[in-house]
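Chemist: So the chains spell out like this:
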Amino acid sequence: MITLKLFASLAETHGWRERERTWVAGTRVIDLWCAETGQSGLPARVLCARNMDYCPPETPVFPGDEIAFFPPVTGGSHAR
Amino acid sequence: MITLKLFASLAETHGWRERERTWVAGTRVIDLWCAETGQSGLPARVLCARNMDYCPPETPVFPGDEIAFFPPVTGGSHAR
Amino acid sequence: MPVSVRAAPFEPYAEVASHQHAVFGASGQFGATAVFVGTMRDFNEGDSVQGMTLEHYPGMTERHLETICATASGQWPLLETLVIHRVGDISPGEAIVLVVVWSAHRQAAFEACREIMEALKSQAPFWKKERLATGTRWVTGNTAGYPASKS
Amino acid sequence: MPVSVRAAPFEPYAEVASHQHAVFGASGQFGATAVFVGTMRDFNEGDSVQGMTLEHYPGMTERHLETICATASGQWPLLETLVIHRVGDISPGEAIVLVVVWSAHRQAAFEACREIMEALKSQAPFWKKERLATGTRWVTGNTAGYPASKS
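Chains as they are written, first to last, in this note's numbering: chain L, 1 to 80; chain P, 1001 to 1080; chain E, 2001 to 2151; chain S, 3001 to 3151.
Derived by calculation from the structure, the hints in this document are not laboratory data. There may be inaccurate statements among the hints.
Unchecked claim - Mimicking EDC-like on lysine to aspartate or glutamate, the simulated pairs with C-alpha atoms at most 20 Å apart in a straight line are:
{"#": "1", "chain 1": "S", "residue 1": "3129", "chain 2": "S", "residue 2": "3080"}
{"#": "2", "chain 1": "L", "residue 1": "5", "chain 2": "E", "residue 2": "2062"}
{"#": "3", "chain 1": "S", "residue 1": "3129", "chain 2": "P", "residue 2": "1012"}
{"#": "4", "chain 1": "S", "residue 1": "3129", "chain 2": "S", "residue 2": "3042"}
{"#": "5", "chain 1": "P", "residue 1": "1005", "chain 2": "S", "residue 2": "3062"}
{"#": "6", "chain 1": "P", "residue 1": "1005", "chain 2": "S", "residue 2": "3042"}
{"#": "7", "chain 1": "E", "residue 1": "2129", "chain 2": "E", "residue 2": "2047"}
{"#": "8", "chain 1": "L", "residue 1": "5", "chain 2": "E", "residue 2": "2055"}
{"#": "9", "chain 1": "E", "residue 1": "2129", "chain 2": "L", "residue 2": "53"}
Just chain L, same shape as in the assembly:
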């Protein structure tokens, strides 16, 4: 199985935060995004992580992986 997660505005836009999918050999992170959202590519302002590390969209996925998609981070205070 693969765990998929969305955060922040992506979770609101797509209406879900977490789901599980069966692993398919040869799947990359970008493929999961396209399959779940119906989009043809990863928008520039969507980041992805595999097992809690940032990763490029072309990263291959393996059974048991946790794959997350989220917008650019905005931690800290507003103070620039």
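Following the hints, complete the assembly by docking chains P, E and S onto the known chain L.
Modeler: Leaving out everything else, chains P, E and S in the frame of chain L:
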């Protein structure tokens, strides 16, 4: 009158912290140092201040001035 | 080198004092402490902000904060670091983030504190949603592409 | 923008919290606070230090601290500064100096706090005498010549 002050190691070395002297026209800060210590010049590691502002040794002195001599400052913590 | 993600308000200076006491006691081992506190402002981009909600990625957030502190400790001679970050509903005037660095050296403390704060802003997964009089809005970051993983 | 020279020990983080409350109340006016605390170490230049005595030049010291803070406030957009410096007999582990800067901007807070601390060390008239097991010694500064007056 002129008020003279020594601080820190200078006060210990010379055995006084404060004294008053009659003003003499044309006196410079360096002249006061030489007159009071018997030295022929201001050592490199002695700083001087006129009325609580750092000043060059050649600064002229006027009646009512407070002239101070002290070693390089060492405020803050030891942390470099 | 603790990092902590908190859903409840915290008093940053009480945290600094108590952590310092717990780690160092009354010893004079460290000479320099640099602290940064980010506080929620009631204004952002010209709008009055009534509050905000901070979301995070449990697990990934803590891990990246730990990596950021470990990286700084490898780069400067630090004795201890402390990072606390709020999540959940936050009101203006409340502390959002606390970064503390203890070192024997002033320069190391200043530089590491700033570097940890900059890395936190660009790498740690937190997302802000502001509550305005007219509704809510997500604060958009400036990051394009994915940050290089440090782990 | 108070500066204070104290003969008695002070708790730096309690001072930050109480000054912030007095100046800003619960408002979210500032977003960034940078703090530096210099603490007396029990070691210096390889020797165990039992304590030290800090001498200052009453009047000139306060005036230069005020000038240093005013200069920083002219250089960065600061909302408030606070500087407290110990004098007299100090024991290891006690705070020697506290510098705090409040700003709406993170970069301004970091940079101004550091600049105030650097200026304090090079310009404010304080002199340290350490108490070692073998006697006392004056700590010698590195400054050659006279610092440029900023007033």
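Chemist: Hints first: check each against the structure and report whether it holds.
Modeler: We went through each hint and held it up to the structure:
no.	hint	verdict
1	3129/S with 3080/S	violated, 32 Å
2	5/L with 2062/E	holds, 17 Å
3	3129/S with 1012/P	holds, 12 Å
4	3129/S with 3042/S	holds, 13 Å
5	1005/P with 3062/S	holds, 17 Å
6	1005/P with 3042/S	violated, 31 Å
7	2129/E with 2047/E	holds, 13 Å
8	5/L with 2055/E	holds, 13 Å
9	2129/E with 53/L	violated, 23 Å
Checked against the numbered hints given earlier, the structure breaks hints 1, 6 and 9 and satisfies all the rest.
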